[in-house]
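Chemist: Whenever a hint applies, use it, and build me the whole structure from the sequences.
Going by the numbering used here, the letters in the sequence shown line up with residues 1 to 114, in that order.
No lab work stands behind these hints, which were simulated from the structure alone.
Incorrect hints may have been included.
Computed Cβ-Cβ distance ranges for the label pairs, DEER-style [as the list claims (entries may be wrong)]:
1) SER52 / GLN106: 21 to 27 Å
2) GLN38 / GLN80: 15 to 21 Å
3) LEU46 / ASN82: 33 to 39 Å
4) GLY41 / GLY100: 17 to 23 Å
5) GLN109 / ASN72: 24 to 30 Å
6) TYR97 / GLN12: 17 to 23 Å
For each residue, glycine too, the CB sits at the ideal point set by N, CA and C.
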Amino acid sequence: VQLQASGGGLVQAGGSLRLSCTASGNILRSNNVGWFRQAPGKQRELVATITSGSTANYAESVTGRFTISRDNAKNALYLQMNSLIPEDTAVYYCKGYYFGSETWGQGTQVTVSS
1 VQLQASGGGL VQAGGSLRLS CTASGNILRS NNVGWFRQAP GKQRELVATI TSGSTANYAE
61 SVTGRFTISR DNAKNALYLQ MNSLIPEDTA VYYCKGYYFG SETWGQGTQV TVSS
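Modeler: Pasting the structure below:
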């Protein structure tokens, strides 16, 4: 059982990044899979989730700037991040479900410089 997140990096404020998450099995084909993030000294927080029918839900702080999408054929999940700000700096994690249990990827670091 593996979730692999990628696409993080260092970007200037106002820039964009696209995160990808791929998985073995059907982990990312479940309902309400999504992206979370954790900044240093803070708790992990929801960024965006997406239902099986591709209805998205966003944290207020990223609404209008981030877009979550999924490709069930590729068992993949994406997060397009635009207009990045320093407050978006965090380790980003993708979450899926393996036989109903939450399954997390290893995280990818996103750093936004001012």
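Chemist: Look at each hint and say if it fits the structure.
Modeler: Checked hints:
| no. | hint | in the structure |
| --- | --- | --- |
| 1 | SER52 / GLN106: 21 to 27 Å | 24 Å, holds |
| 2 | GLN38 / GLN80: 15 to 21 Å | 20 Å, holds |
| 3 | LEU46 / ASN82: 33 to 39 Å | 19 Å, violated |
| 4 | GLY41 / GLY100: 17 to 23 Å | 32 Å, violated |
| 5 | GLN109 / ASN72: 24 to 30 Å | 27 Å, holds |
| 6 | TYR97 / GLN12: 17 to 23 Å | 35 Å, violated |
The structure fails to meet hints 3, 4 and 6 from the earlier list, while all remaining hints are met.
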